[in-house]
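Since the structure of chain A is provided, determine the placement of chain B on it from the hints.
Chain residues, written in single-letter form:
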Amino acid sequence: MAAYLQWRRFVFFDKELVKEPLGNDGAAPGSAPTSGPTASKFLCLPPGITVCDSGRGSLVFGDMEGQIWFLPRSLQLTGFQAYKLRVTHLYQLKQHNILASVGEDEEGINPLVKIWNLEKRDGGNPLCTRIFPAIPGTEPTVVSCLTVHENLNFMAIGFTDGSVTLNKGDITRDRHSKTQILHKGNYPVTGLAFRQTGKTTHLFVVTTENVQSYIVSGKDYPRVELDTHGCGLRCSALSDPSQDLQFIVAGNECVYLYQPDERGPCFAFEGHKLIAHWFRGYLVIVSRDQKVSPKSEFTSRLSQSSDKQILNIYDLCNKFIAYSAVFEDVVDVLAEWGSLYVLTRDGRVHALQEKDTQTKLEMLFKKNLFEMAINLAKSQHLDSDGLAQIFMQYGDHLYSKGNHDGAVQQYIRTIGKLEPSYVIRKFLDAQRIHNLTAYLQTLHRQSLANADHTTLLLNCYTKLKDSSKLEEFIKTKSESEVHFDVETAIKVLRQAGYYSHALYLAENHAHHEWYLKIQLEDIKNYQEALRYIGKLPFEQAESNMKRYGKILMHHIPEQMTQLLKGLCTNYRPSLEGRGDWEASGCRANSEEFIPIFANNPRELKAFLEHMSEVQPDSPQGIYDTLLELQLQNWAHEKDPQVKEKLHVEAISLLKSGRFCDVFDKALVLCQMHDFQDGVLYLYEQGKLYQQIMHYHMQHEQYRQVIAVCERHGEQDPSLWEQALSYFARKEEDCKEYVAAVLKHIENKNLMPPLLVVQTLAHNSTATLSVIRDYLVQKLQKQSQQIAQDELQVRRYREETTRIRQEIQELKASPKIFQKTKCSICNSALELPSVHFLCGHSFHQHCFESYSESDADCPTCLPENRKVMDMIRAQEQKRDLHDQFQHQLKCSNDSFSVIADYFGRGVFNKLTLLTDPPTSRLTASLESGLQRDLLMHSRRGT
Amino acid sequence: MTYAYLFKYIIIGDTGVGKSCLLLQFTDKRFQPVHDLTIGVEFGARMVNIDGKQIKLQIWDTAGQESFRSITRSYYRGAAGALLVYDITRRETFNHLTSWLEDARQHSSSNMVIMLIGNKSDLESRRDVKREEGEAFAREHGLIFMETSAKTACNVEEAFINTAKEIYRKIQQGLFDVHNEANGIKIGPQQCISSSVGPSTSQRNSGDVESNSGCC
Chain A
1 MAAYLQWRRF VFFDKELVKE PLGNDGAAPG SAPTSGPTAS KFLCLPPGIT VCDSGRGSLV
61 FGDMEGQIWF LPRSLQLTGF QAYKLRVTHL YQLKQHNILA SVGEDEEGIN PLVKIWNLEK
121 RDGGNPLCTR IFPAIPGTEP TVVSCLTVHE NLNFMAIGFT DGSVTLNKGD ITRDRHSKTQ
181 ILHKGNYPVT GLAFRQTGKT THLFVVTTEN VQSYIVSGKD YPRVELDTHG CGLRCSALSD
241 PSQDLQFIVA GNECVYLYQP DERGPCFAFE GHKLIAHWFR GYLVIVSRDQ KVSPKSEFTS
301 RLSQSSDKQI LNIYDLCNKF IAYSAVFEDV VDVLAEWGSL YVLTRDGRVH ALQEKDTQTK
361 LEMLFKKNLF EMAINLAKSQ HLDSDGLAQI FMQYGDHLYS KGNHDGAVQQ YIRTIGKLEP
421 SYVIRKFLDA QRIHNLTAYL QTLHRQSLAN ADHTTLLLNC YTKLKDSSKL EEFIKTKSES
481 EVHFDVETAI KVLRQAGYYS HALYLAENHA HHEWYLKIQL EDIKNYQEAL RYIGKLPFEQ
541 AESNMKRYGK ILMHHIPEQM TQLLKGLCTN YRPSLEGRGD WEASGCRANS EEFIPIFANN
601 PRELKAFLEH MSEVQPDSPQ GIYDTLLELQ LQNWAHEKDP QVKEKLHVEA ISLLKSGRFC
661 DVFDKALVLC QMHDFQDGVL YLYEQGKLYQ QIMHYHMQHE QYRQVIAVCE RHGEQDPSLW
721 EQALSYFARK EEDCKEYVAA VLKHIENKNL MPPLLVVQTL AHNSTATLSV IRDYLVQKLQ
781 KQSQQIAQDE LQVRRYREET TRIRQEIQEL KASPKIFQKT KCSICNSALE LPSVHFLCGH
841 SFHQHCFESY SESDADCPTC LPENRKVMDM IRAQEQKRDL HDQFQHQLKC SNDSFSVIAD
901 YFGRGVFNKL TLLTDPPTSR LTASLESGLQ RDLLMHSRRG T
Chain B
1 MTYAYLFKYI IIGDTGVGKS CLLLQFTDKR FQPVHDLTIG VEFGARMVNI DGKQIKLQIW
61 DTAGQESFRS ITRSYYRGAA GALLVYDITR RETFNHLTSW LEDARQHSSS NMVIMLIGNK
121 SDLESRRDVK REEGEAFARE HGLIFMETSA KTACNVEEAF INTAKEIYRK IQQGLFDVHN
181 EANGIKIGPQ QCISSSVGPS TSQRNSGDVE SNSGCC
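Protein chains in written order, with the UniProt record's numbering: chain A, 1 to 941; chain B, 1 to 216.
Treat the hints with care, as some may be off.
Unchecked claim - Derived lysine-lysine pairs resembling DSS-like cross-links, with alpha carbons at most 30 Å apart: (1) A:LYS378 to B:LYS29; (2) A:LYS401 to B:LYS29; (3) A:LYS84 to A:LYS94; (4) A:LYS367 to A:LYS15; (5) A:LYS199 to B:LYS53; (6) B:LYS130 to A:LYS378; (7) A:LYS866 to A:LYS815; (8) B:LYS151 to B:LYS56; (9) A:LYS417 to B:LYS151; (10) A:LYS319 to B:LYS151; (11) A:LYS463 to B:LYS53; (12) A:LYS366 to A:LYS94; (13) A:LYS366 to B:LYS151; (14) B:LYS56 to A:LYS319.
Derived by calculation from the structure, the hints in this document are not laboratory data.
Isolated chain A (complex conformation):
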């Protein structure tokens, strides 16, 4: 390698001799007409070509005869006489159809510059827009080189005496341009090039001995001396942007690249350079091996020589020789139509056609030069698919060589294009877990991994026992963004026994279920799990508590209870530093947590007690359960003292008022545990006096039976009846109770005597003596009542008769008004006066000022009106059947209620409807009847 001081060589170009176009009529000089269509001849250019250039779709040649030839793509050569003697220099602009040329019209040193507009025609030939002599100073000098800026504002001409003239202004016209000497040196100028960067225009000037640059866009044209060795004619070129528009100077030892202000890199390409040309990112150098001094070359350029010359095409970016061939006597190298054309002295044109990228890459692959292929692909702007293809091939190559580390590096670069399973399978086959891991890691980093990849990667980590990598994988990524499916990761880690990692993931990604599952089922760290639940927001805390409560309760009852207490009262996640996170905590339904406490009555009790204390509005289940617990404890307690205490507790709980509305359950509980006081209390609460009595009856507690009757007899009179029948049925001696009951019945008049007797008759033990007092008293009362009633009846009768008489009197006999005083002013009555049948008399003026209507006596009016109102009210009330029913029910003397209603005329309408009289009669009759009844009732009350 040390001895091989050159870059690698490839054949990236196809060489081909350009043939005559088919059907050529032989217009091109020097080419004979073809005899057959198949035997096409090679294209042959006219002899004596001195200069050439290309651009605008044509190759342009100048010859010794003063002709300028154009060779377009169709290869139909055309030419015109531009100079009388010869053409020495040509410059074809690439962006304008303008050609600049230098040549001679007369003998001697007398170069003339002509500018041709190729678009305009002047008698079949291109229009020459400007002619001027190229003279640097006072003496005519041989022109060595010519360049024109693409903006048509600069033209530079170099001379063999070392001077350079700059033509500034529109070069196509005489008027607007002016010429000046830019440079005066001692060495012949061999190359010129304009370089435009931004608004600055540089002119590079190279002579045989040095390189300079000028800034020509500003004033004063400042100069920078770049180097102290130069190059021969046509051995300089300007590179394209891929080489930063550097000026290339191909010296004999070395090819130097120059920036306008300094020297750049250099390439030590050996050989005596003849031509340097830049072509699409390639540097084309034609050189001759034997060393000849540059000066002698300069002078002998035009002389005919035919020696072997080497053409090298260098790729400076990727550092290889893209093509290398030997030619005989190269006149020039031209780039046009996307290819390179090499013109040789014999008039032949060789086309160098660049191969397509794919072919080039394949050539590199064959030589296993993948790195180079990658660089090449990049510099040719191959798309990412193509690059991935290279990386894959490179990877495959390295893999097949057993260089798995290198292979994976390449495969990693295919990520996003190549199907990952392809790579994964390869490394799985090779059992290269390390490499596989690296690949998968990158896959994840680029967020292209699916769940399977995550699983695989984690499995790799666990298989490698590389927990630090694993940690890194999990931790570094979780902060910014997650590149993998967390759930899968947790599953895998859990399976592999990396619980702490799984926990970390679960915690950081809020997979609470998983966290708890691992914590509880795998690690059995109940404390930690509980603490974790305590940190969760309410909903999750609640649901997780329900799910895992039992396990936790089984292992750490105290803490669990503590947390539950919190959860059910005023839950706040126990997050440090977030005190004011949510001021109003939520609370869970404590009832739902009761099942968790199965088999742990102690904690349950503590919990329930706490709940009932802290939160008076807890659900009913809480109290029910608490009661159950208390009763259980009470029932199982042997120590009487403790039992007493528990008893008090239970009672106080019962009395706390929690069982007012729903006491069935409590009742069942009390009954189950035979908790008498509770049962009785509850009966009382529920107004189940019957039950209380039955309870006592069952327990044969006679005194209590009486007590209950006394206490609740008011609300439920039937108690007494039941008590009576109860006692009556008793076979034992319980006369005193019977007597007591009877006394009550008598006092309150609760049962008809006949029923009492019937009740007692069932009993064999109850004797007449027991009931005698009762009966005697009853009978006495009855007779008293009868007497009273009779008296009343008599009184009513008398009253009725009296009223009848009065009515009769008013109807039939005359009435004498003999009142002497006015009933209003109480003074002596004088005329005019008003008299009423009721016996009242008034002064007329008194009456008028007092009375409301002429028909009524003012004195009697209030009384009468009251009566009338009462009648009306009764009439209204009689239709309120509900009220009637109610009254009938409530009353202990239903007969009197009916009588009352009868009095109000319940049945009046009915009779009137069956026998309809005239309305007036009805009204009067009715009112009359009502009056009677009213009188009657008033007396009765």
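Chain B alone, transformed into the frame defined by chain A:
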């Protein structure tokens, strides 16, 4: 990309010691196991930050081959720093250091900061030159010493940055004339001369800088 200063470096040393790989590692952060011979002088650049200042490092990677010596010599001029590289697995590259150093001293400005680098430190098993020897050579010749690995990138960054720091220190001490481009130091475009440069020179040179920036 603006910068406060541009420092020119040159990397020298025998062929095959890893000069190009060091540069590739520093500029592209990658390692190319198969690297073609450098023919001539190549070039790389990277921005670094020294004391909060953006500094552009322009690095000339030279061919180590004896036959290119004459070409590479011309690049010494105008370098502010040199990385003199040898291969710790090949003693002859260490033995040639003296001649390299002579070359460098002869063709560069006297203030050039030279860093001695023993490369390929990853190949510990094939080590042929002891670290101490390198240190001793550096001490003897007033160089900074470091062992690096272009393959693992170990110390590569440090080697370039430490050199830059040393140059920067020298600038602040006034040992470099920052306006003489032959010293390999350039003041960045649109960069006013700050207090870091001695106040006596700043007045005089500000005009130069302005005219420089005006025309480029």
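Now the hints, each set against the structure:
no., hint, result
1, A:LYS378 to B:LYS29, "holds, 17 Å"
2, A:LYS401 to B:LYS29, "holds, 26 Å"
3, A:LYS84 to A:LYS94, "holds, 26 Å"
4, A:LYS367 to A:LYS15, "holds, 22 Å"
5, A:LYS199 to B:LYS53, "holds, 29 Å"
6, B:LYS130 to A:LYS378, "violated, 41 Å"
7, A:LYS866 to A:LYS815, "holds, 26 Å"
8, B:LYS151 to B:LYS56, "holds, 24 Å"
9, A:LYS417 to B:LYS151, "holds, 28 Å"
10, A:LYS319 to B:LYS151, "holds, 21 Å"
11, A:LYS463 to B:LYS53, "violated, 48 Å"
12, A:LYS366 to A:LYS94, "violated, 39 Å"
13, A:LYS366 to B:LYS151, "holds, 27 Å"
14, B:LYS56 to A:LYS319, "holds, 25 Å"
Hints 6, 11 and 12 from the list above are not met by this structure, while the remaining hints are.
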